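Participant: Sequence lines, in order, name chains G and L.
Just remember that this note's numbering sits 637 ahead of the position in the first sequence, which is counted from 1.
Just remember that this note's numbering sits 1108 ahead of the position in the second sequence, which is counted from 1.
Do not rely on the hints blindly, as some may be mistaken.
Pair ranges (Cβ atoms, derived) [stated by the list, open to error]:
id: 1; chain 1: G; residue 1: 703; chain 2: L; residue 2: 1158; range: 37 to 45 Å
id: 2; chain 1: L; residue 1: 1120; chain 2: G; residue 2: 689; range: 25 to 33 Å
id: 3; chain 1: L; residue 1: 1182; chain 2: G; residue 2: 731; range: 46 to 54 Å
id: 4; chain 1: G; residue 1: 703; chain 2: L; residue 2: 1167; range: 37 to 45 Å
id: 5; chain 1: G; residue 1: 715; chain 2: L; residue 2: 1124; range: 20 to 28 Å
id: 6; chain 1: L; residue 1: 1182; chain 2: G; residue 2: 745; range: 13 to 21 Å
id: 7; chain 1: L; residue 1: 1158; chain 2: G; residue 2: 694; range: 41 to 49 Å
id: 8; chain 1: L; residue 1: 1182; chain 2: G; residue 2: 703; range: 24 to 32 Å
id: 9; chain 1: G; residue 1: 646; chain 2: L; residue 2: 1152; range: 18 to 26 Å
id: 10; chain 1: G; residue 1: 731; chain 2: L; residue 2: 1160; range: 14 to 22 Å
id: 11; chain 1: G; residue 1: 745; chain 2: L; residue 2: 1122; range: 28 to 36 Å
id: 12; chain 1: G; residue 1: 646; chain 2: L; residue 2: 1191; range: 26 to 34 Å
Simulated from the structure, these hints should not be mistaken for laboratory data.
On a predicted model such as this, the values are computed, not experimentally measured, just so you know.
Even for Gly, the Cβ is constructed at its ideal location relative to N, Cα and C.
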Amino acid sequence: QKEVEQNSGPLSVPEGAIASLNCTYSDRGSQSFFWYRQYSGKSPELIMSIYSNGDKEDGRFTAQLNKASQYVSLLIRDSQPSDSATYLCAGRPRQLTFGSGTQLTVLP
Amino acid sequence: DAGVIQSPRHEVTEMGQEVTLRCKPISGHNSLFWYRQTMMRGLELLIYFNNNVPIDDSGMPEDRFSAKMPNASFSTLKIQPSEPRDSAVYFCASTGGSADTQYFGPGTRLTVL
């Protein structure tokens, strides 16, 4: 079992909709979780970090963490075509471990 | 502020040749990470350094790979001899102090023919 698993997608949503990205992790010792966005041909860039159970909001992005169920999610409200990218979930049991990524396409 | 700098951005070489990838972390950052990204395996951590000391190299695929960090502002990842299956994008990332956020360089796209 991979330490961090994501639905590989691809996921398509219409512009203005909510995109929901999910991630599960296996190591209960993981304390920190991150969502990175990676545009095609570019490097990953951090968009959200979350450390505590519950929701964390930053603009159109909301990260959710449920340690009991060992899942992390990212909601993107009012999705824009510019949000089209691969989203990488990462957990930190010891060092950062990345999921395989979910490719999101926002259709105009 | 300059971000993480990697060179070269693209490298095409023939099987059996030595390849050296270079990274300059963000000034003041004390941890440096080398990753490899492929379609099949995603983003994998190869090795990381803390204060120039290699801490965990368990991700290095085999003895053909080696990494050094002679000082706080420079690191190399060497592949000798290179093989076609080494073709990937290699990222360097750095982070500072107790911060978790890793800042990635632009990557080196390596093609081994």
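Participant: With reference to the structure, classify each hint as holding or not holding.
Facilitator: Okay, the hints, checked on the actual structure:
no.: 1; hint: G:703 to L:1158: 37 to 45 Å; result: violated, 31 Å
no.: 2; hint: L:1120 to G:689: 25 to 33 Å; result: violated, 46 Å
no.: 3; hint: L:1182 to G:731: 46 to 54 Å; result: violated, 25 Å
no.: 4; hint: G:703 to L:1167: 37 to 45 Å; result: violated, 28 Å
no.: 5; hint: G:715 to L:1124: 20 to 28 Å; result: violated, 52 Å
no.: 6; hint: L:1182 to G:745: 13 to 21 Å; result: violated, 44 Å
no.: 7; hint: L:1158 to G:694: 41 to 49 Å; result: violated, 32 Å
no.: 8; hint: L:1182 to G:703: 24 to 32 Å; result: violated, 41 Å
no.: 9; hint: G:646 to L:1152: 18 to 26 Å; result: holds, 20 Å
no.: 10; hint: G:731 to L:1160: 14 to 22 Å; result: holds, 20 Å
no.: 11; hint: G:745 to L:1122: 28 to 36 Å; result: violated, 44 Å
no.: 12; hint: G:646 to L:1191: 26 to 34 Å; result: holds, 31 Å
In terms of the numbered hints stated before, the structure departs from hints 1, 2, 3, 4, 5, 6, 7, 8, 11, listed from lowest to highest.
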